[in-house]
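Following the hints, position chains Y, Z and V with the ligands against chain H.
4 protein chains.
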Amino acid sequence: MEAIRRAAVSAVSNQRRNRRIKLNVGGAVFETWTHTLLKRPGTRLAQLARAMEADESYDSERGEYFFDKHPGIFATVMHYYRTEELHTDHNICGNIIKGELEFWGLTELDIEPCCWGHYNRFKENKQTLAEIDDTFTFNVDADAFGKNPSPFMQFKKKVWIFLEDPTSSREAKIYAIASMFFVLLSIAVFVLETHHLFRVPYDNYNGTSTITASSCTRTLTSRHTCCCRFNDPNELPYDESEPHDSMTYLDYICAGFFFLEFAARIFFAPKKSDFMRQPLNVIDVLCLLPHFVSIVMKSVDPTDKSSQIIKTILALRIIRVLRIFKLMKHYTAFKILVYTIKVSTKELLLMVIFLFTGVLIFASVAFYTENSTFTNIPIAFWWALVTMTTVGYGDKVPQTEGGYFLGSLCVLCGVLVVAFTVPIVVNNFTLYYSHAQSRMRLPPPKREELQK
Amino acid sequence: MEAIRRAAVSAVSNQRRNRRIKLNVGGAVFETWTHTLLKRPGTRLAQLARAMEADESYDSERGEYFFDKHPGIFATVMHYYRTEELHTDHNICGNIIKGELEFWGLTELDIEPCCWGHYNRFKENKQTLAEIDDTFTFNVDADAFGKNPSPFMQFKKKVWIFLEDPTSSREAKIYAIASMFFVLLSIAVFVLETHHLFRVPYDNYNGTSTITASSCTRTLTSRHTCCCRFNDPNELPYDESEPHDSMTYLDYICAGFFFLEFAARIFFAPKKSDFMRQPLNVIDVLCLLPHFVSIVMKSVDPTDKSSQIIKTILALRIIRVLRIFKLMKHYTAFKILVYTIKVSTKELLLMVIFLFTGVLIFASVAFYTENSTFTNIPIAFWWALVTMTTVGYGDKVPQTEGGYFLGSLCVLCGVLVVAFTVPIVVNNFTLYYSHAQSRMRLPPPKREELQK
Amino acid sequence: MEAIRRAAVSAVSNQRRNRRIKLNVGGAVFETWTHTLLKRPGTRLAQLARAMEADESYDSERGEYFFDKHPGIFATVMHYYRTEELHTDHNICGNIIKGELEFWGLTELDIEPCCWGHYNRFKENKQTLAEIDDTFTFNVDADAFGKNPSPFMQFKKKVWIFLEDPTSSREAKIYAIASMFFVLLSIAVFVLETHHLFRVPYDNYNGTSTITASSCTRTLTSRHTCCCRFNDPNELPYDESEPHDSMTYLDYICAGFFFLEFAARIFFAPKKSDFMRQPLNVIDVLCLLPHFVSIVMKSVDPTDKSSQIIKTILALRIIRVLRIFKLMKHYTAFKILVYTIKVSTKELLLMVIFLFTGVLIFASVAFYTENSTFTNIPIAFWWALVTMTTVGYGDKVPQTEGGYFLGSLCVLCGVLVVAFTVPIVVNNFTLYYSHAQSRMRLPPPKREELQK
Amino acid sequence: MEAIRRAAVSAVSNQRRNRRIKLNVGGAVFETWTHTLLKRPGTRLAQLARAMEADESYDSERGEYFFDKHPGIFATVMHYYRTEELHTDHNICGNIIKGELEFWGLTELDIEPCCWGHYNRFKENKQTLAEIDDTFTFNVDADAFGKNPSPFMQFKKKVWIFLEDPTSSREAKIYAIASMFFVLLSIAVFVLETHHLFRVPYDNYNGTSTITASSCTRTLTSRHTCCCRFNDPNELPYDESEPHDSMTYLDYICAGFFFLEFAARIFFAPKKSDFMRQPLNVIDVLCLLPHFVSIVMKSVDPTDKSSQIIKTILALRIIRVLRIFKLMKHYTAFKILVYTIKVSTKELLLMVIFLFTGVLIFASVAFYTENSTFTNIPIAFWWALVTMTTVGYGDKVPQTEGGYFLGSLCVLCGVLVVAFTVPIVVNNFTLYYSHAQSRMRLPPPKREELQK
Ligand SMILES: [K+]
Ligand SMILES: [K+]
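Chains as they are written, first to last, in the working numbering: chain H, 306 to 757; chain Y, 306 to 757; chain Z, 306 to 757; chain V, 306 to 757.
A couple of the hints might just be wrong.
The list treats identical chains as one, so a pair stands whether inside a single copy or across any two.
Calculated pairs, EDC-like style, for lysine to aspartate or glutamate (alpha carbon to alpha carbon, straight line, at most 16 Å) [unchecked claim]:
| id | residue 1 | residue 2 |
| --- | --- | --- |
| 1 | 403 | 547 |
| 2 | 634 | 469 |
| 3 | 327 | 360 |
| 4 | 478 | 439 |
| 5 | 478 | 700 |
| 6 | 431 | 415 |
| 7 | 577 | 360 |
| 8 | 327 | 373 |
| 9 | 647 | 436 |
| 10 | 428 | 413 |
| 11 | 431 | 417 |
| 12 | 344 | 373 |
| 13 | 327 | 369 |
| 14 | 576 | 364 |
| 15 | 577 | 469 |
| 16 | 327 | 364 |
| 17 | 327 | 366 |
| 18 | 640 | 438 |
| 19 | 462 | 389 |
| 20 | 431 | 389 |
Bear in mind the hints are in silico, worked out from the structure with no lab data behind them.
So that you can see chain H by itself, here it is in the shape it has in the complex (with noise of 0.2 Å):
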């Protein structure tokens, strides 16, 4: 008697238990089974059919529970109750996801490997192009000139915006362009200099002018001429020369230009520490110390040409090269494979990581198969590398049965290395130059209303 009873309360309980629940989530009406929801307890839904009608949710009027939340992700949510898998909706973005999720009383941690990839791009890409847009509109801080500032502030808040933003004014532009030919001219100049047709002997030498064919002719009269290919007389040896005095003098007109462009930018900028933490303002020092030593060196001693400290300074030029990155000043493209590189120093390592450990296996097997090739390691390691990036240049190959199978190995194990590592540096960057790409395609004004 007392366990028909019993079973019948059970019965009575089981049925209340498992009623059919209507949920409208955003207009959107979800039905399901009161032991559906109860299958993940502490959870807002399971508390839910636990209090029932006693639920703040409840509208008694039409007999259902509203919430004004997102019916796609709920849809989602439901199907979690009925499986215990969460899959999320592909055409949903991740980033809406998350916080519908914790509101249900879920994490992000419950979505299945499968879908996590998804869920997950979407929350890496929100932030890292957020942080692109930022890198869009030249913007003077607001303060950096005071908040009330003297006419001198303000007029030299107006040089400064001049200075730094071609788009500001018309004379800005043209400046910018000035700017940018000068460096085009610096840059032109350093390549050129060193070729032979734009040097000159040193004067002071021409004692020595029957040494000046010096080495190659030398060479010439020898047997071993094959080896000597792209030396003629007319080459003058580069020890031997030194740049034409128009060269010298258009070096030195860049060099002026970009030493009064400095001297105004740091004179005009809001804050001088800020300004030299800059790195192209670095660059921009760096790229005049040759010039200035080369003048004080000159000051000096003005005849010595032959000295170890005038080879240093010749070597010192070529910091100059470190002017083109000047060039890169206003291009986006630019910035952005340089934000790319920062993002994916993990990426580039593994390229670095896995091509050196290829590179170390293959060297080391090389030099103890084929010793006459590769006479030591490093050696090999050059061939190795050589070889696994499909550049061959031929001046190592393998000569033996054995070095034609390893190099066959290194060869694909290049292609393979190369191929698995490129692709996942190479996504990042795609991705954030179509993004800048497409935001720059916007008009000005509205860019600006981006921003705020």
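Just chains Y, Z and V with the ligands now, with coordinates in the frame of chain H:
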């Protein structure tokens, strides 16, 4: 007393403000609280939430607001009010979104960065793909030959269509194939006339036949033999020979055909000025130039074969290679390539700038670290480019340990730069090509319907 | 008075025309104005909007129009009426769309370009993937051996299945492995018999053994030594030696096996004509040819080893390399490759045409700018191709400054052309392969069910 | 009369059979005709259409059939009944689909080929990604040290965790860094001890120092000089020198550390047999081998340095390069690479087979067309592989016109084969890597929760 009353009023107004509201968008029902809609003042829904029953969309019969709009996009708009972030639905084409957003009082700039790319890709594709659709069918401008053309004009139009559209009739197709045959023949002649099998010594140079063997023979007797690879006595030096007569005849036959073709086409062209502005027609004229110059020269002085003028003519002959583009006239893939290059100028420039920056830096450092191999920076440019693109000829190879290290960096940078920049350019082409291919497979009559 | 009445009538008719209409498509409710539906005359919905209650789909009970159709696609159709642009829903397979559109009176050509690619990709994939599904199982044509086969025919069929389907029984598998072993052995013999380790001097050439050392020895005594790299006295010149007897025996054993196999297969083949039309069987016959010719020759004149006929036989031997394709018979990936190449002829042609155009132009310019290195255009073709594909042997390298510039352009164009054309061909293969792989992983019985 | 009655009955039964039916799937309402459901006998819905009101899912109150199932997938199921083709919804994760289909009485094999790929990709990813999740955290098998471990066992466990898990404590991290330092040092010694800067001549070879200059000197006096590139008198031939003592000492110090480390690890390992089965531990033992052999040898005969045994020891030293894999122990990307290679064996084999087939064919034809350059097929293999992978060393280059044509084909095939096969292998790695990366970024405590 007053405070209580005010509080009561406020509560009532609060309650009033926060009523549940039912929106019917194209049949799909959405429900939310009015205070949710008031979050974004100035938008269509905020207006509705203030006006309530007074809103023009109110359907008093059913107690809901009806909008004949896209329900899918309204779901994302709804979510914008709930979370203040606008994430689009990724299964909806981006081109639908703009118009709908505008109706609801939002703009495309409200879209979050993570969803912007999806939205924008569709927007961009729409325009370019529509343009590509236009390049398919051959359209004779209806008015070009006059509205009520005379019988002669009708004949002119008929011939014009025959000449330009190979799909217009069977005869037009045969003519097009004949024309392509002459192009191929002309190119074959152009290529083969430089090969020693198709060349004979100058007739009037018999006396100097001992000199013919010239440079190579002299080399063979000297000791620098291993640099003189492919020369054998049977090979005639190019400078001292002329193409076999049969080659010359074939060339003139081709030139004759192209001249007649061009004359016909310019005669039957509806608008001469438009005709001469098309690049392929300019190429037509250019390719005939060498022949005309050559005929003029020969009629002036038929014996002089070594003068400077003749050499200029020889150099002019290279123009004939442009005839290959005549072959491309009816080849869709080529049109798409040209279109892609036009659209992707910015991306191609990006590739060139990145490569140039890398080449400049590596060439400079290579020049300063290994001066004996890289005698000047322009030469080092060649090495750096050949290395960065993984061609690796091996004509210049670093030979010091510093050079090996630099070369390794150069290879890695090259692999990355190429990998970074190539996909950006290529994506466009792949998209356009597959679009064009799928359009081409449509049945022809329907395709024209598409153009209307 | 009349005007007022007319205006009133017009207003009424307007109101009548612009009634709100409720469409129930497969359970999902859509609502719109009748005037929206009238925008596209001649379609199913415009018809409905004119007929109203008289339409056959009208459900008077609920006051709605019911269609048992896909609600998702109807949403896109609905939007077409609202905005006059047909954008498809991207989570719906393109193959569903066509039929639904036709029901509503639209065609696939109404789809906008931006969504066309999505739609079309599915359409194309469906057909090719269905074809690929057919290549999996081995199907003996049921009627090939007669409807009520005699016992002999049943035996024939049994043997045929044994020969052709390695999965039919354990014995068939063993036979297939043995067959593959003979193929591998035959190829190993083919390769190794050319290596000097497996070669002996001609028996009847003892008298001329001094000549054996021949060309290379002579070279060694001369001064042109650095071109003669890999020759050492132990190496027999290929022309003056013959394979070791063991190699010849192994070759004949393999040939014997293949002959027997082929005889058996042609005997048991259900249809001889079909059998001989299969490429792999033609290869079978071709590969046996050199052996037959060789036997016939030897029986005619067993001593003559230097005649022209023998040399022809030697050249014939190369046919045996085709045997590698016998190995591919049961290798799915190879079938997919062949299928891909068949389907992608157009794309492969595109690659060849683009590369050829580039090669032609660069080779011509190279010939005219650097005549000393590139002595004729065909030779320059080789250089241009080797450069454009980034192989870069270095056997021909530009050596003037103009040549360097041209070479740089050539490399860049090559990188782009390869990058442009390769993905178009490759995409198909990747798709087919992954489809085939996923099909292969299904349990075998179910896979056959799939074929029904 | 009878006929009329029968027709009437039939019409009634028809009408009855073709009633409109309302299905409530998880709250979403679907409507269709019963005859649509009867199309697929044996499925859940056909059963329902026969049973009608008698079906257990019938809700008489609302006149609908209720199922607590996923509404999205039911939409595709519904469409299957309408069109007899099962196309899945592409925004739904494939892993949801199977279970739902089974509930409705369908199988995954009913999915059309065009949608199969989408479905299957998710199915495959789920399994592999779950496996990858397992490789992250370091789990000490709880029972390995006994359920109620003695104090000694607890100490053993503590040390074991210290040795194996660098994230367990700060000391463990320091130890791990020290261990990695020794690995790097050991590899640096391994590499540098082969370089002539770190080598000295054999002490007991002073008498033969004139021979030391040996082969190279002799070459220098002879005329074959241009083959002898990188040798200069300062360089010691590897065979006649030994590493500097400091190198040898460093090597023994590293070996000592690794020996102690290994001894400790094997002592504290919970299960010796499991320990010795791990590849990294086997490598540990192997790398110590050369040192032990060398010590044993020296103690036997400390003066004999030229014997065959010593040479074997030298060759053994190469094993030490495997130590690089010790470095990889805690590097996730490396684990993913290994995992990818294990999973993608089939795809790697595909690449090798395709490349080998191409190499075989091109090498054979090259051998028969240009016998002077490619003296046997194995040598031609090397050329063909180097060409197909676009390495292009240039040590062997075709030099006849037939060879050029063949080489061009070889290059094109190579580009295609590499392009065809690489993406298939690489896709897996990219997927796994990005999955693992996104998992790694989760906060550590939550990650462990993930593992439960
Ligand atoms: K190369
Ligand atoms: K290369």
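Against the structure, the hints:
{"no.": "1", "hint": "403 with 547", "result": "neither (67 Å within a copy, 64 Å between copies)"}
{"no.": "2", "hint": "634 with 469", "result": "within (10 Å within a copy, 48 Å between copies)"}
{"no.": "3", "hint": "327 with 360", "result": "within (13 Å within a copy, 22 Å between copies)"}
{"no.": "4", "hint": "478 with 439", "result": "neither (22 Å within a copy, 38 Å between copies)"}
{"no.": "5", "hint": "478 with 700", "result": "neither (49 Å within a copy, 44 Å between copies)"}
{"no.": "6", "hint": "431 with 415", "result": "between (21 Å within a copy, 14 Å between copies)"}
{"no.": "7", "hint": "577 with 360", "result": "neither (62 Å within a copy, 58 Å between copies)"}
{"no.": "8", "hint": "327 with 373", "result": "both (14 Å within a copy, 11 Å between copies)"}
{"no.": "9", "hint": "647 with 436", "result": "within (13 Å within a copy, 31 Å between copies)"}
{"no.": "10", "hint": "428 with 413", "result": "within (11 Å within a copy, 20 Å between copies)"}
{"no.": "11", "hint": "431 with 417", "result": "between (21 Å within a copy, 8 Å between copies)"}
{"no.": "12", "hint": "344 with 373", "result": "between (23 Å within a copy, 14 Å between copies)"}
{"no.": "13", "hint": "327 with 369", "result": "both (5 Å within a copy, 15 Å between copies)"}
{"no.": "14", "hint": "576 with 364", "result": "neither (61 Å within a copy, 62 Å between copies)"}
{"no.": "15", "hint": "577 with 469", "result": "within (15 Å within a copy, 50 Å between copies)"}
{"no.": "16", "hint": "327 with 364", "result": "both (10 Å within a copy, 14 Å between copies)"}
{"no.": "17", "hint": "327 with 366", "result": "both (13 Å within a copy, 15 Å between copies)"}
{"no.": "18", "hint": "640 with 438", "result": "within (12 Å within a copy, 35 Å between copies)"}
{"no.": "19", "hint": "462 with 389", "result": "neither (62 Å within a copy, 36 Å between copies)"}
{"no.": "20", "hint": "431 with 389", "result": "between (29 Å within a copy, 15 Å between copies)"}
Hints 1, 4, 5, 7, 14, 19, counting from the list given before, are not met by this structure.
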